[in-house]
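Protein chains in written order, with full-length UniProt numbering: chain A, 1 to 297; chain B, 1 to 273.
FYI, nobody ran anything at the bench for these hints, they're computed from the structure. The structure displayed is predicted, hence computed values, not measured ones. Worth double-checking, as some hints may not be accurate.
Said to hold, decoys possible - Straight-line Cα separation of at most 35 Å, DSBU-like style, residue types lysine-lysine; simulated pairs:
no.	chain 1	residue 1	chain 2	residue 2
1	A	260	A	95
2	A	149	B	128
3	A	260	B	220
4	B	53	B	220
5	B	220	B	128
6	A	213	A	95
7	B	53	A	260
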Amino acid sequence: MRSNRGYAAFLIPGAILSLVVIVVPLVMNVAISFTRWQGVGTPEWIGLDNYSRLLEDDNFWASFRNIIFLIFAMAVIPTAIGLVLAAVLFDYVAKRVGPRTASAFRSGFYLPQVLPVAVTGIVWGWILNPSFGALNAILTNAGLDALAKNWLGDPTYALYSVMVMLIWFQVGYPVVMFMSGLQRVDPELYEAASIDGANWWQRFIRIAVYQIKPEIYVVLVTTTIAALKVFGQIFVLTRGGPGNATLVPSYFAYQNFFEKAQVGYGSAIATVLTLIIVALSVVFLRIQARGEQKDAL
Amino acid sequence: MNRAIRPAVLATLTVLVLLVLSPFALVALNAFKRPADYATNGPLSLPDSLYFKGLTDFWIRVDFGEKLWNSFFISGSVAVLAVIVSVLNAYALGIGRVRGRSLFLIFFLLANLLPQEALVYPLYYLSKEVGLYNTQTAVIIIFTAIQSAFGTYLLSSVYAVFPREMLEAAAIDGAGKVRTLWRVVVPISWPSLSVLFTFFFIWTWNEFFLPLVFLISNDKQTVPVALGVLQGDRLMDATTTSASALLGIAPAVLFFLIFQRTLSRGIMSGAVK
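One chain only, chain B, in its complex shape:
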């Protein structure tokens, strides 16, 4: 009986996964098509010739290189800063077990779950007051706070079970708290920190709402914001839209391939201990 089921199960799964992947395939297929080719042959045909002009025209039109750099700069800065803040917080809460520890942890968990709508207008107003509106600095500061709230929550539970003998050995050797953190705790927890870094980088890269509000000048925008505000532009046709989608998909898929192992290890760690 099992022999008959096996091809059926595999065929069903294959159809399902192809359905999930079909939008990616459609985008890849049509990003290299001439508009006239699309008009006559539709979205499912192979391109009649490899046509790069749609991609290059769009790249130049939105100055995509600049958008990539903006996204990279913002996500990279947030990931580094948020890991540092998370480590400092988790050192105090997980290893130091400072008073009110569980209240702090609940605060950080809730801070991470809060809808950004509840913060956006005051942040918009305050950033205008201090001259940080429409700067990448504002976005970096805000996301460092939001991401490190999650990082603190996660890392505190990792540090709560940190081997005590290590800390005691460091103390006997006369290491202070800062030295113990830097020489003992950080190196040993490096795998957890790299998972956090990866998550912070990708989450910040994918963010849309706050960057949309805060980065109004074209030359400061990130990839998702630049692409998102162009949508609905009357100049967009089928092939330009798929070219723009391909440019938005490519970096994300690249990160996915690079970080796949880190990600699948990390997706779980936050949720169920």
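The following block holds chain A by itself, in its conformation from the complex:
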């Protein structure tokens, strides 16, 4: 048996880097969240005051209410659409028309994912612009002036407009994940089900969805975490407005850090966000571990 001693030295560069960039700043952030600090001078220790202030802050609650909507737009809806698209592409298009056509469709759906999110924001900012935007121009040309709206500037529509953009952005990821997951499914299962008289929908639910459960968990968790972290699109499109209609925790923290010089308060927001994400990740790890145990049995 080879000796395992002496390998620890290879961890030194990575450990120093993680310490300086991740561990120390993370601990500092938590410490700052117990203080009142403007970013200059000495932080003043105020205990849990920032956290009790958060509980009474309408903007904080609005940002988390908006996140629920964004989780639907980035996790729930794309997963549902992605399941159907992936199953149709895999089980129907690839088999009846050809795998090249199926992968061409897959690439088309995936394309928005490769763009920098800030550029995504610019594209949609222009399309949805009330005065020179493409969408209102198209609606007006089609004689549907009544449907033209101030998509991002009106609090009634702003969050829904952002949601549509996020669904557009996100849908390709589950399609790609689920299509490769479906490759694991034994084709004989499908044949057996067909012989037993199962229709397409029954095969989809009982075989495809059931067999790619691990992929569905992964997609749901990673996209939910991505929704909690949304920043670039909001910064470019709405800056959280109008009012707090599209405010999200990350932009709320950014505002307190760099616009309002309320660093302690911003740190408290960031700490709460971190706790939620870590909790979700732990649940995710557990589900994955349980899946592996099942495979082993």
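Could you slot chain B onto chain A? The hints should help.
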């Protein structure tokens, strides 16, 4: 029955994919339009003449060549450095199986999932203290740490199943640990490393939040930051906006076409073993 369904399925899919691609088409169509053409004919018409002035004016106004180079330099440096750090970490954890291995792996996984907001202010403060604020070096160091956290997690599972006979053969030939890493492990895992490199490059290229905070001078900014902060600029009109969007889209789509195979192989590998 299937014959009737087939055109319907294909037609529905085609409509859906065209909907997804329509923003790209709108941008491409209007980036080459004269502003007056847009005003009279709207966003759906073909340009009445190929007009490059919107693109070139915007390119000059933001010094886009400089922004491209900044993005390229930062993403390239991060990708190379983060692959190196990932390899070193994964060598110790996946092959060396050092003590506390699973704790390290959980740490790296969580480090990658952390919201950047939880790190940003201390990093901003510390970088000012050491004179690295508003430098590309700071951004490179930070992203090397963040990307290599993911790389370590992924590569450790690849190295955990590395063929032991290879390592033993190298040891019998008298190769030390450094030599074994460089001569045996790295060459054999080259495909995984190229997937990591591609991912790190594209992820760093697309980053917005930390570069926005750290790169405040115009001449240091990356493509997304330069374009992002211009949004809301009152001088922007429809054709300039689509010209700027086209310039932001073009490099990303180019990478997508170049790396398509690597990417689709890699998207999965991180998630489900």
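To see whether the hints hold, each was checked on the structure:
1. A distance of roughly 58 Å separates the Cα atoms of residue 260 of chain A and residue 95 of chain A; the hinted pair therefore is violated under the 35 Å criterion.
2. Distance restraint check for residue 149 of chain A and residue 128 of chain B: the Cα-Cα separation of roughly 44 Å exceeds the 35 Å cut-off, and the hinted pair is therefore not satisfied.
3. A hinted pair counts as satisfied when its Cα atoms are at most 35 Å apart, and residue 260 of chain A with residue 220 of chain B qualifies at roughly 25 Å.
4. The suggested pairing of residue 53 of chain B with residue 220 of chain B holds, with an alpha-carbon distance near 25 Å, which does not exceed 35 Å.
5. For the hint pairing residue 220 of chain B with residue 128 of chain B, the CA-to-CA distance comes to about 16 Å; that is within 35 Å, so the pair holds.
6. A threshold of 35 Å between alpha carbons decides the hint, and for residue 213 of chain A with residue 95 of chain A the separation of about 22 Å falls inside it, so the pair holds.
7. With a CA separation close to 40 Å, the supplied pair residue 53 of chain B and residue 260 of chain A exceeds the 35 Å bound.
Hint check: violations occur at hints 1, 2, 7; the rest are consistent with the structure.
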